[in-house]
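Visitor: Whole structure, please, built from the sequences with the hints as guidance.
Chains as they are written, first to last, in my numbering: chain A, 6 to 79; chain B, 27 to 224.
Here are the computed distance ranges between Cβ atoms for each label pair:
id: 1; chain 1: A; residue 1: Lys57; chain 2: B; residue 2: Pro72; range: 49 to 57 angstroms
id: 2; chain 1: B; residue 1: Pro94; chain 2: A; residue 2: Arg27; range: 42 to 50 angstroms
id: 3; chain 1: A; residue 1: Arg78; chain 2: B; residue 2: Gly172; range: 14 to 22 angstroms
id: 4; chain 1: B; residue 1: Asn51; chain 2: A; residue 2: Asp68; range: 18 to 26 angstroms
id: 5; chain 1: A; residue 1: Arg75; chain 2: B; residue 2: Asp111; range: 36 to 44 angstroms
Beyond 12 angstroms from chain A on every Cβ pair, some chain B residues (computed):
id: 6; residue: Ala36
id: 7; residue: Asp37
id: 8; residue: Ile40
id: 9; residue: Glu52
id: 10; residue: Asn60
id: 11; residue: Lys71
id: 12; residue: Thr85
id: 13; residue: Gly115
If you are wondering where the hints come from, they were derived from the structure by calculation, not from laboratory data.
C-beta atoms are modelled at their ideal positions from N, C-alpha and C, and glycine is treated no differently.
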Amino acid sequence: MMMPGAEETTMSQKSKETGLDRRNFFKALGAGATAAVAPVAVSPAAAVDPGKEETKSRYRETDHIKNYYRTNRY
Amino acid sequence: MARMKFLCDADRCIECNACVTACKNENDVPWGINRRRVVTINDGKPGERSVSMACMHCTDAPCAAVCPVDCFYTTADAVVLHNKDLCIGCGYCFYACPFGAPQYPKLSNFGSRGKMDKCTYCAGGPEVDLSPAEFQKYGSNRLAEGKLPLCAEMCSTKALLAGDGEIIAQIYKERVVKRGYGSGAWGWQTAYRETIAI
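Guide: In structure tokens, the structure reads:
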């Protein structure tokens, strides 16, 4: 016949073997998750860069545009 | 660097709406959207004035400030454009714009999340210049062709000015100095006889 305290002794022995107490399991898990997430949160959000080709100047004073300016002076 | 601007000479605008029609045709603008509109105040009363309105290509554009996906950008010509591939159709820009420039295609009665559409100053979009993809999304790219927006180029009374802000401001100044207060458009007194003060 097993004594009432015998089972407890076996469990605490097991947790000692794994090195992780039942009561500290989630604490350890939480700390691990924070460590994994932290570097992602630090990286800055990158704004969309439309590119040099897209934002380059397209306006040039062609003869067509010069004519437009001339006729608008009337 | 030239800064592209629109300037509407309200004394010359006759509310013919040709700029609106030309814009729709040139850029293949979807149903339910007018990139340019003619607004008339005191309609039918003495002192009636009309002004043609579109995107004013603001220096510090409110549409760009509120966009959650940052799809607006300003070109070296100071033209405010947007990227329809990034646009999520949230509608913030529509509420932010004081001129009602960004609009949405009304494809269905409820829940449609299209891409915002706005005046591009006939400067296309982020796609390759004058490509079919650019025309399909944004309309023509007249600036790349060495021309100015069609709405201004075909204005019959030369009310709507477009181009380098310095030059069109000078043109407007010359007009005001020459005509004084009031309209200098041709045929004004023929149309309204002596009842109109120039």
